[in-house]
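Each chain, written out:
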Amino acid sequence: MRVDSTGSVDTVISCQRVSKEFSSKRGTTKVIENISLEVKRNEFVVLFGPGQCGKTTLMNVLSGLDTATSGTVYSLGEKVVRPGAERGVVFQSMALFPWLTVRGNVAYGPKARGFEKSVWIEKSDYYINLVGLKGFEDSYINKLSGGMKQRVGIARAYCNEPEVLFMDEPFSALDAQTRYLMQEEIMRIWSTEKRTIVFITNNIEEAVYVADRIILLTNCPAKIKKEYHIDLPRPRDYTSPEFLSLRDEISKNMDRTL
Amino acid sequence: MNRKLFLHLLISILSVIAFVGIWHLFTAVLRVVSVNTLPDPMKVFTSFIKKFSNPNPDGATLLQHTAASLQVALTGYFYALIIGIPLGIMMAWNKYIDRFVRPLFDLLKPIPGVAWIPLMIVIFGLGIASKAAVVFFSAVVPCVLNSYTGIKQTKDVHLWVARTFGASHHQKLFTIAIPTALPHILTGVRVALGAAWVAIVAAELLGATRGLGFMIQQSRGIYRTDIIIVGMLAIGICGGILTSILTIISNFLLKGRR
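Line by line, the protein sequences are chains Z and G.
Its first residue numbered -2, the first sequence is counted upward by one per residue in my numbering.
Its first residue numbered 6, the second sequence is counted upward by one per residue in my numbering.
What the hints contain is simulated information worked out from the structure, not anything from laboratory work.
Be aware that a few hints might be false.
Unchecked claim - Listed below are the simulated DSSO-like cross-link pairs for lysine-lysine, each with C-alpha atoms no more than 30 Å apart in a straight line: (1) G:Lys160 - G:Lys177; (2) G:Lys157 - Z:Lys220; (3) Z:Lys114 - G:Lys260; (4) G:Lys114 - G:Lys177; (5) Z:Lys131 - G:Lys160; (6) Z:Lys146 - G:Lys177; (7) Z:Lys131 - G:Lys177; (8) Z:Lys22 - Z:Lys223; (9) G:Lys260 - Z:Lys22; (10) G:Lys114 - Z:Lys140; (11) Z:Lys146 - G:Lys100; (12) G:Lys100 - Z:Lys140; (13) G:Lys177 - Z:Lys222; (14) Z:Lys222 - Z:Lys27; (15) Z:Lys146 - G:Lys260; (16) Z:Lys76 - G:Lys177; (17) Z:Lys114 - Z:Lys140; (18) Z:Lys191 - Z:Lys37; (19) Z:Lys76 - Z:Lys222; (20) Z:Lys146 - G:Lys157; (21) Z:Lys114 - G:Lys177; (22) Z:Lys140 - G:Lys157; (23) G:Lys9 - Z:Lys22; (24) Z:Lys22 - G:Lys100; (25) G:Lys160 - Z:Lys27; (26) G:Lys114 - Z:Lys76; (27) Z:Lys27 - Z:Lys223; (28) Z:Lys131 - G:Lys260; (29) Z:Lys76 - Z:Lys220; (30) Z:Lys191 - Z:Lys76; (31) Z:Lys114 - G:Lys160; (32) Z:Lys114 - Z:Lys249.
This one's a predicted model, so the numbers in the text were calculated from it and none came from an experiment.
With these hints in hand, go ahead and build the complete structure from the sequences.
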C-alpha cells in the first residue's frame, strides 16, 4: 500500500488539474479542462458524459497513451509518462489480434513480459474460463461473435494482471441484447476477480448498472460536472424505482448535445 | 455440392478441349499453316514425350533443361527473398533506413529485371551467376514493395495494445507488425516467383548453355517449332506447379484469418 501525492492511502490512479489541448491549423481545441480525480483500489468508476466530449482522450491521458498539456497523472504514486503493464486498456474497437487464437490473444501480455509457457498457459486458462470462453481457446478471432470478441478483450486485459483496467465504451458496438448480457457479465467477472476499473460510457443505464461511482463530465471541453456514489445493491435491477430515479437525475444533469 | 464441383471441372476441361480442338482443326485438318510453322497438337505431344529421353537437337533432355532453369531461378529467387523481405520490413519500420535506402531503391525499381541481362553476362559470363543475378533483380523488387506495404498496414490501436502490455519496440515488430504484414509478404513472395520465372527464361533466351529458354532458342534456329512449344508448355507447367506449392504454403500460414 502506497501513499500518493495527494496523501490518500490506496489510490491506484489519480490525476491533478489535467488539461489537454489539440492544436491544428485552425487553432487550438480544448478537449479536457482541469480534471482532478482519484480512483481507489477495486473501485468501479464510470466516466460518463455526452457524445464526443473527450472521454477517450481522458482515458488515453490516464493510461499514458497520450500526454496531458498540463497537469499530472499518478499511478500508484508514480508519475505516468508512458503506457505500462500496470495499466490495462480494453479498446472500443476491441483491437484483438486476428492472426492469433483466443489463447494467443489472452496470453499476449504474460508472453510479452517473458513468463514461462506453463505460467501463461495457466493464467490464460483461468481468464478464458472466467469470461466464459472455455472450449474456444483455439478459435481464431474472426470466427467469434461480437460479444465473444469483447470477452476476449476483457480476458486479455485481465490476464496481464494490471493494477487498473481502462475500458473505453467496450460494449458500444454490440446489439442491445448482447449489451445487456455483457453488462451482467462484466459485473459477474468483476465480482469474481475484483479489479480497479475505469469504465467509459455514454449510456446512462449502463453507467448506473455497473458503477460504484459515476463521474459526470460536461460536453467539450470535458470538466467534472458532478459525482454520484451509487450504492444500490448488486445485482441491480434496471426497473427498480431507485435505479430509475438515479437514472433520471443524472440524465437531467447531463449536457444536451446533438 | 459434388455435382456442382463436377460441373465446374467439366467447364474447365471443355475450354482446354476446345482450344486443342481448334488448334488441331487449323493445323492437321485444314492445314492453314504448314506443319513446320505450327505443328499439330499430336506432333507436339509426341515430341514432348520423346524429349524426356532424347537430348537432340540441343544436347539435353527436357528434365535436364528444366532442372537447369529451376536451379538458376530458385537460386536468384532465394537471395531475393532473404534480402528483399527483411529490407522491405526494415524500410517500413525504421524511417532512417527508409531514407537511406529509398533513393537507390527508387532509382533501380523501374529497371526491368531483363535490362540487367547484358551487363550481368558481361560481368559474370554465361554461367549460373549472371542469370541468378538477373532473377534476383527481378524478384527482389516485389519482395521489398509488398513487405513494406504490409508493415505499413499495422494498426495503431494494435501497437497501443502492445504498449499497454509492456511490449518492447522489438516485440512490437515481431509480434504485431510482421504478423499484420504476413499476407502482404506472402503476396510479394508469389509475385516474385512469377517475376523470377519470367526473368530466367528471358535470360536463357539471350545467353545460356542449358535451360528451357536455351532449348527454345536453339530450336528456333533449326525451325523445330514443336520443341519450341514443348519448351513453352514445360515453362507453363513448372510455373503452375511452383505457384500451387506457394499457395498451399501461404494458405497454411494464414489459416484462421478468413
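Each hint tested on the structure:
Between G:Lys160 and G:Lys177 the CA atoms are separated by roughly 11 Å; this keeps the pair inside 30 Å, and the hint holds. For the hint pairing G:Lys157 with Z:Lys220, the CA-to-CA distance comes to about 37 Å; that exceeds 30 Å, so the pair is violated. At most 30 Å may separate the alpha-carbon atoms for a hinted pair to count; Z:Lys114 and G:Lys260 meet this at roughly 23 Å. For the given pair, G:Lys114 sits about 29 Å from G:Lys177 by alpha-carbon distance, which is consistent with the 30 Å threshold.
Proximity of Z:Lys131 to G:Lys160 is assessed by CA-CA distance (about 28 Å); at most 30 Å being required, the pair is judged to hold. Restraint check for Z:Lys146 and G:Lys177: satisfied, since their Cα atoms lie roughly 22 Å apart, inside the 30 Å limit. Distance hint between Z:Lys131 and G:Lys177 is fulfilled; the C-alpha atoms sit about 28 Å from each other, no more than 30 Å. Taking the CA atoms of Z:Lys22 and Z:Lys223, the gap is near 34 Å; set against the 30 Å cutoff, the hint is violated.
Of the supplied pair hints, the one linking G:Lys260 and Z:Lys22 is violated, its CA atoms being roughly 45 Å apart against a limit of 30 Å. Under the criterion of a C-alpha separation no larger than 30 Å, the hint pairing G:Lys114 with Z:Lys140 is inconsistent with the structure, at around 40 Å. The suggested pairing of Z:Lys146 with G:Lys100 is violated, with an alpha-carbon distance near 34 Å, which exceeds 30 Å. Pair hint G:Lys100 plus Z:Lys140 does not hold up; C-alpha atoms about 36 Å apart against a cutoff of 30 Å.
Annotation: proposed proximity of G:Lys177 to Z:Lys222 is violated, straight-line Cα distance about 39 Å (limit 30 Å). Under the criterion of a C-alpha separation no larger than 30 Å, the hint pairing Z:Lys222 with Z:Lys27 is consistent with the structure, at around 16 Å. The hinted pair formed by Z:Lys146 and G:Lys260 meets the criterion: a straight-line CA distance of about 18 Å does not exceed 30 Å. Restraint check: the Cα-Cα separation between Z:Lys76 and G:Lys177 comes to about 24 Å, which is no more than 30 Å; the hinted pair holds.
For the given pair, Z:Lys114 sits about 25 Å from Z:Lys140 by alpha-carbon distance, which is consistent with the 30 Å threshold. Proposed proximity of Z:Lys191 and Z:Lys37 is supported: the alpha carbons are some 12 Å apart, at most 30 Å. Between Z:Lys76 and Z:Lys222, the direct Cα distance comes to roughly 25 Å. Compliance with the 30 Å bound is thereby established for this hinted pair. Between Z:Lys146 and G:Lys157, the direct Cα distance comes to roughly 25 Å. Compliance with the 30 Å bound is thereby established for this hinted pair.
Pair hint Z:Lys114 plus G:Lys177 holds up; C-alpha atoms about 19 Å apart against a cutoff of 30 Å. This hinted pair checks out: Z:Lys140 and G:Lys157 have alpha carbons roughly 25 Å apart, not beyond 30 Å. For the suggested pair G:Lys9 and Z:Lys22, the alpha carbons sit about 60 Å apart, so the restraint of at most 30 Å is broken. The straight-line distance between the Cα atoms of Z:Lys22 and G:Lys100 is roughly 25 Å, inside the 30 Å bound, and the hint therefore holds.
As the CA atoms of G:Lys160 and Z:Lys27 are separated by approximately 26 Å, the hinted pair is consistent with the 30 Å bound. For the suggested pair G:Lys114 and Z:Lys76, the alpha carbons sit about 49 Å apart, so the restraint of at most 30 Å is broken. Our distance criterion of 30 Å between C-alpha atoms is met by Z:Lys27 and Z:Lys223, whose separation comes to about 20 Å. In summary, the hint linking Z:Lys131 to G:Lys260 is supported, as the alpha carbons are separated by about 21 Å, within the 30 Å threshold.
For the hint pairing Z:Lys76 with Z:Lys220, the CA-to-CA distance comes to about 22 Å; that is within 30 Å, so the pair holds. Restraint check for Z:Lys191 and Z:Lys76: the C-alpha separation of about 24 Å stays at or below 30 Å, so the hint holds. Using a Cα cut-off of 30 Å, the hinted pair Z:Lys114 and G:Lys160 holds, with the two alpha carbons roughly 27 Å apart. Straight-line distance between C-alpha atoms of Z:Lys114 and Z:Lys249 comes to about 52 Å, which puts the hinted pair past the 30 Å bound.
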